[in-house]
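Visitor: Now for the letters of each chain:
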Amino acid sequence: MKASDIIRRAGRNLRQAKIRTLLTALAISVGAFTITLALAAGTGGKQYTDSLIKNNGDARSLSVFAKSQKSEDSGPQKYGATDAAVSQGYLGDSDISKIKTVSGVESVTPMYNISAAYMFGPNGEKYQTLLSIKVDQTGVNLAAGSLTNNQPAKGTVIVSESYVKPLGYASDKEAIGKSITLHIDKSSIAGLPAAGKDMTFTIAAVDKKSDTTLDYQDGIRVSPQDGQDIYDYQTPVDAANQYYGVTVRVAKNADPKTVQASIKDKGYEVFSLQDVQQVLFTFVNVVMGGAAGFGALAIIASIFGIINTQYISVLERTQQIGLMKALGARRRDIGRLFRYEAAWVGFLGGLIGTLLALLVGLLNPWITDKLNLEPGTKLLVFNPVYSIVLILALMLVAVVAGYFPARKASKLDPIEALRTE
Amino acid sequence: MIEVHHITKTYGKKSNVFTALDDVNFEIPDGASVAILGKSGSGKSTLMHAMSGLDRPQQGEVMIDGENILKLKQKAVDTFRATKMSFIFQSFFVQGNETCYDNVSLPLEIAGVPRRARKARVVHALEAVELGSKIKSKAKDLSGGQKQRLAIARAIVNQPKILFADEPTGNLDSTTGDVIEKLLFNYNKKNGTTLIIVTHDPDLADKCDIKIAIKDGKIEEITDAKKTRPTHSAMTKTRTLGRVQ
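The listed protein sequences derive, respectively, from chains A and B. Mapping of the first sequence onto our numbering: position 417 corresponds to residue 890, and the numbering continues sequentially without gaps. Mapping of the second sequence onto our numbering: position 198 corresponds to residue 300, and the numbering continues sequentially without gaps.
Here chain A stands alone, though its shape is the one from the complex:
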């Protein structure tokens, strides 16, 4: 018998037992549904995590700090036990040049600590502000204006949206290209006579908090070059060139992980975004694996349903099997007929489950709304490849489950079968 003929006969036989076929398929579809949703949530979760990371950091940027203690022993060391004092936790110029020698390091920027006494715009009103340097190329959620590599150019700044109106501009757009003045104190040490100067910058961009930004503070962000100028002006000479950390940019052709490891080997504390990403991905994977595991259990349970259905089917169709054998059908043909029927059931179950899961996917906007996520975020992302693989796998599972019933059918004695009335 030709495979195409057997497949059509198998489909027709199933149609003649519609309810039974549908019920068996529905049992499988529960598992397919669960697994599809778990995979969709996993894919969506990873995409969401990815965008979360991109908005909060730059994968090519490593934060390097001094090790707070010299030894790796746990607990505090006794006073006077060693000559070396506990490290102050500062990095100096020697550290910077040391880190620069590590291969794969593109640039090293100290984390300068800078501040401004106040800021004012065209209306002359003075406001307090938080001043920071945009060292990395972490994404910026722009309200207006534009940036190259997510960094302001020298002489320009990024201003928070909430500053725009107080500074005297009508809208975010209007502020772009206009000026903002910062008053920088000479020394921030209390008690000393405060000398200072005004520095005027052009507003390159206005930014605002996005839902995927984990920490956002209103403030002004300057370019690394301007940051260094402010630092040099502001910091007393004796405290100069001491930084609590540096930011390392990893070259494009280098692997951030390798660079991180080699800097660590030099005796520094290194943090990267990938550490965070890893943790988040692990979390997503655990959740996805758990849900998919339940789906797999459901499929295992449905296997017994398939076996049962197929056995009943064989009993019911003893006469048909006998006739086919009398007409010269081979044992192999009969076995295939029943295995293909099982495959059809598996296919149907997989299809129903996948379609139901896709229906749940229509709830994406509602989920996004309920969880207060960025509009347009999709937590359930369906991958057609996963669905096809899942359906094929279910067909295979069904065929394996149908093995014993199919064997029983193929072994039926045609004489006995035709005697059955």
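In short, the hints are calculated from the structure, not lab data. Any given hint could turn out to be false.
Residues from chain B shown here face chain A by an in silico Cβ test under 7 angstroms; the list is partial [as the list claims (entries may be wrong)]: (1) H151; (2) D157; (3) R183; (4) A184; (5) F189; (6) N199; (7) P209; (8) I212; (9) D305.
Here are the simulated EDC-like pairs of lysine to aspartate or glutamate, each with C-alpha atoms no more than 20 angstroms apart in a straight line [to be verified]: (10) A:K491 <-> B:D204; (11) A:K651 <-> A:D671; (12) A:K638 <-> A:E598; (13) B:K177 <-> A:D886; (14) B:K115 <-> A:E598; (15) A:K646 <-> A:D658.
Yeah, the Cβ is synthetic: ideal placement off N, Cα and C, and Gly gets one too.
Go by the hints and put chain B onto chain A.
Guide: Chain B alone, transformed into the frame defined by chain A:
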């Protein structure tokens, strides 16, 4: 030519042995119509099963055109049945949920005939039994006589050399039965297909060329209507052998 030599079939073991066929011998020329006549339990169905390769007797051989089908591998026997034999059963065994077309198409599918080549043959077979108008009807909607005609269409669609009919009129009233008998004998005469009817009905058996009466697994008598005296040497020999046992 079908030659049956020394067929013996037993069921059960040792003390419980039941001999269904006991050293049966006969020959059937091509194109003959043959009745295997016997009461229920006489072994006539077992004989048919043995001749068609459905059953394997412990001893003896069934030579069809010089080939012992009992020595063939299962696969070869299946192919033999798919291409050269057909069956008609007392209780029709048509698939009620399938259309007449699909019922008749089954033997061709089993024989591996391509889909395109099937259609004309199926339609032709259905027309031969005057069911041309029922091609798309479900078999369960047919009357008893129509069902048996459908079974005949299914049996003749692959143009068999041998057509086995197991009590073909057993479940039918006499009028409908006559129609079926006519169909079978006409087909036998027209196409030269060997027709082997298994029956307990002596009237039906009388209409056949050769009558093989069987009782308790042994051949009781072989009557050849075409020969007034059974003088044919081979025939005499087999008859004698049948009686000796």
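Visitor: Next, verify each hint and record whether it holds.
Guide: Going through the hints against the structure:
no.	hint	result
1	H151	6 angstroms, holds
2	D157	6 angstroms, holds
3	R183	4 angstroms, holds
4	A184	3 angstroms, holds
5	F189	5 angstroms, holds
6	N199	4 angstroms, holds
7	P209	5 angstroms, holds
8	I212	5 angstroms, holds
9	D305	25 angstroms, violated
10	A:K491 <-> B:D204	19 angstroms, holds
11	A:K651 <-> A:D671	16 angstroms, holds
12	A:K638 <-> A:E598	11 angstroms, holds
13	B:K177 <-> A:D886	15 angstroms, holds
14	B:K115 <-> A:E598	115 angstroms, violated
15	A:K646 <-> A:D658	30 angstroms, violated
Violation of the numbered hints given earlier is confined to hints 9, 14, 15; the remaining hints are satisfied by the structure.
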